[in-house]
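Take the sequences, apply the hints, and build the full model.
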Amino acid sequence: MSFLTGQISRTLGRCALVAAAVFLFASPTAAQSDQTNDPLEDFNRAMFGIHNAVDKVVLVPVARTYRFVVPEPGRQGVRNFLRNLNSPVIFANDVFQGETERAGTTFTRFAINSTVGVAGIFDPATQMGYIRHHEDFGQTLAVHGVSEGPYLFLPIFGPSPPRDLVGRGVDILMDPITWVGGDDFQYFKYGRTIVNVVDLRARNLETLDEIERTSIDYYAAVRSVYRQSRDGAIRNGAFDFEDLPDLDEDFEDDF
Amino acid sequence: MARPSSFAKVVLRTLGGAILAATMAVPAFAQDETAEAWVQSLADRGIEIMSDSSRSQDDIISEFQALLVENTAMRQFGRSALGSYSRDLSDDEFEQYIELLEQYASSIVRARLDQYSGETLTVSGSSVNERSSFAYVSVESDVRNLDNEHLAGVRWLLIRREGAYRVYDITVEAPAEAGTFSLRQTQQEEFTSAITQNDGRARSILRYLRNRIREQGMEPANDRVVSN
Numbered sequence: 196m197s198f199l200t201g202q203i204s205r206t207l208g209r210c211a212l213v214a215a216a217v218f219l220f221a222s223p224t225a226a227q228s229d230q231t232n233d234p235l236e237d238f239n240r241a242m243f244g245i246h247n248a249v250d251k252v253v254l255v256p257v258a259r260t261y262r263f264v265v266p267e268p269g270r271q272g273v274r275n276f277l278r279n280l281n282s283p284v285i286f287a288n289d290v291f292q293g294e295t296e297r298a299g300t301t302f303t304r305f306a307i308n309s310t311v312g313v314a315g316i317f318d319p320a321t322q323m324g325y326i327r328h329h330e331d332f333g334q335t336l337a338v339h340g341v342s343e344g345p346y347l348f349l350p351i352f353g354p355s356p357p358r359d360l361v362g363r364g365v366d367i368l369m370d371p372i373t374w375v376g377g378d379d380f381q382y383f384k385y386g387r388t389i390v391n392v393v394d395l396r397a398r399n400l401e402t403l404d405e406i407e408r409t410s411i412d413y414y415a416a417v418r419s420v421y422r423q424s425r426d427g428a429i430r431n432g433a434f435d436f437e438d439l440p441d442l443d444e445d446f447e448d449d450f
Numbered sequence: 380m381a382r383p384s385s386f387a388k389v390v391l392r393t394l395g396g397a398i399l400a401a402t403m404a405v406p407a408f409a410q411d412e413t414a415e416a417w418v419q420s421l422a423d424r425g426i427e428i429m430s431d432s433s434r435s436q437d438d439i440i441s442e443f444q445a446l447l448v449e450n451t452a453m454r455q456f457g458r459s460a461l462g463s464y465s466r467d468l469s470d471d472e473f474e475q476y477i478e479l480l481e482q483y484a485s486s487i488v489r490a491r492l493d494q495y496s497g498e499t500l501t502v503s504g505s506s507v508n509e510r511s512s513f514a515y516v517s518v519e520s521d522v523r524n525l526d527n528e529h530l531a532g533v534r535w536l537l538i539r540r541e542g543a544y545r546v547y548d549i550t551v552e553a554p555a556e557a558g559t560f561s562l563r564q565t566q567q568e569e570f571t572s573a574i575t576q577n578d579g580r581a582r583s584i585l586r587y588l589r590n591r592i593r594e595q596g597m598e599p600a601n602d603r604v605v606s607n
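Chains E and C are the protein sequences, given in the same order. For the first sequence, position 179 (counting from the first letter as 1) is numbered 374 according to my numbering, and the numbering increases by one without interruption. For the second sequence, position 73 (counting from the first letter as 1) is numbered 452 according to my numbering, and the numbering increases by one without interruption.
Note that these hints are calculated values from the structure, not bench results. These numbers come from a predicted model, not from an experiment. Note that the Cβ used here is the ideal one computed from N, Cα and C, for glycine as well. Careful, some of the hints might be misleading.
[Stated by the list, open to error] Some chain C residues near chain E, calculated using beta-carbon distances under 8 Å:
no.: 1; residue: A452
no.: 2; residue: A490
no.: 3; residue: Q564
no.: 4; residue: F570
no.: 5; residue: Y587
Below, the structure is given as C-alpha cells:
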C-alpha cells in the first residue's frame with residue numbers, strides 16, 4: 196500500500212507541477228492565444244508531434260493487432276467489464292453534480308451488470324433501459340464553475356488542460372480499485388489502464404486517421420474536437436441555441 | 380367570505396388569460412416537421428448519390444457538390460469559419476474561398492466514398508429558435524448500419540428564411556467515444572490557426588485549401604497564384 200500511495204502522490208505531484216508551470220508561464224500575448232486559450236501552443240505542438248510519433252510506432256500497431264486477434268464480442272465483453280469497474284467513480288461524480296436521477300441510473304446499472312451481467316462482462320442494463328453515461332471530476336469541476344484553464348497537450352495523456360488533469364487525479368483517488376489489493380494487484384491495475392487505452396485507440400483508428408488526412412491543421416482540429424466534446428459532456432449533451440451567432444447579412448447569396 | 384369585486388375579477392381574468400396565452404403561445408422550442416422532411420429527403424438523396432455504383436467517382440463527386448451548393452448556406456458557413464479574418468479577404472478572394480470550400484467538402488466525401496457500406500439516416504425530431512429575420516432549426520437524426528444498430532447521432536442546424544431551408548452546420552456525435560463536434564466550430568478553429576501560423580494573412584487559407592484538395596486527388600477549381 197505504501198508503494199501505491201507513494202506512486203499516487205508522485206503522480207499527483209507531477210500533475211500539480213505541470214499545472215503550476217502552466218499557470219505560471221501562461222502569458223498569452225497574441226490575439227490568437229486569447230481566442231484559443233493556448234498560450235503554450237509551441238510547446239503543445241511539440242508534445243503533439245512526440246505523441247503522434249509514439250502513436251504511429253507503438254499504439255496503432257498494438258491497437259490493430261488487438262482488433263485482429265480479439266473478435267468484437269470479446270472486445271465488447273472486456274470493454275463492458277472495465278466500464279462496470281469505473282461505475283463507482285461515475286456514481287460519485289453524478290452525486291457531486293447533484294444529478295440524482297443519473298446517479299440512480301449508474302447505481303442500477305452497476306447492480307444489474309455486476310450480477311445478471313456476470314461481473315460486468317455483459318450489459319443487460321442497457322437492454323432494460325438504463326443507458327450508460329460518463330462523468331468525471333473534470334466535468335464536476337466545470338459544473339461548479341471551474342474554467343478549463345490554458346490548453347495543455349501531454350504525450351500519451353493527450354489533451355490535458357489543468358482542470359481535466361486535476362480531475363483525472365481526483366478520479367484515481369476516488370476509484371476503489373486504487374485502494375484494493377497488495378503489490379500483486381498492481382499488474383491488474385496497469386493492465387486495466389493499458390487495455391482501456393488500446394481498446395479506445397482500436398475503436399478510433401479510422402476516425403482519427405480520417406481527421407488527420409482531411410484536416411487543414413490536425414493539431415487545431417484535435418484541440419477543437421476535444422473542447423467541443425468536453426463541453427458537450429459537461430452539458431450532458433444539451434444543445435443551446437443561445438450560443439449561435441445572430442446572422443443578419445448577405446442571406447440572398449445563400450438562398 | 381367576501382366576493383371579489385368586478386375590478387378584481389377583470390384583473391384575475393386578464394392575468395389568467397395572459398398566463399394561458401403565454402403558456403400556449405411560447406412552447407419552449409416548437410417542432411418543424413417540414414424541416415424534418417427536408418433533411419430526410421436531402422440525406423436520402425446524398426446516400427442515393429454515394430451508393431450509385433453504376434457511376435464513376437468523378438460523376439458522384441460532381442453531383443454531390445451540386446447538391447451541396449444548392450442546399451447549404453455556404454457563405455454564412457464560410458464567413459463563420461474564418462471569423463474576423465473574413466473581413467480581410469477582398470470580394471474576389473472571398474468568392475475563390477467559397478468555391479474552394481465547396482470543393483474541399485466534396486474532396487472529403489471523395490475520401491470517404493469507399494467506406495460507405497449501406498448506412499441509413501433517420502430523422503428523429505426538431506426544434507426551432509426564431510431570430511429577427513430568420514430562424515434556426517435544429518434537426519436531430521440517427522445514423523444506423525445495415526443491422527439497424529446505432530452508429531452516430533447527427534444534428535443538422537438549418538437556417539429557415541421565407542419558407543426555404545439551408546444547412547448551416549452539422550454536429551456529429553461520433554461513434555466509439557471519439558467525441559462530439561460541429562463542423563463549423565472545428566473548421567473555425569482550424570482555419571484561424573492556419574492563418575495565425577501565417578502571420579495573420581487571411582489569404583493563406585486559399586493556399587491551404589488548394590493543397591488539401593490536391594492531396595485528395597482533385598484539381599482546385601480556381602488555381603490562381605496566391606503570394607502568401
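These are the hints, each one checked on the structure:
Given the 8 Å rule on beta carbons, the hint for A452 of chain C holds: about 4 Å separates it from the nearest Cβ of chain E. Because the closest C-beta pair between A490 of chain C and chain E is about 6 Å apart, less than 8 Å, the hint holds. Annotation: Q564 of chain C was flagged as interfacial toward chain E, and the flag holds, the nearest CB pair being 6 Å apart, inside 8 Å. Given the 8 Å rule on beta carbons, the hint for F570 of chain C holds: about 6 Å separates it from the nearest Cβ of chain E.
Checking Y587 of chain C against chain E by beta carbon gives a least distance of about 5 Å; that is within 8 Å, so the hint holds.
Consistency note: the structure conflicts with none of the earlier hints.
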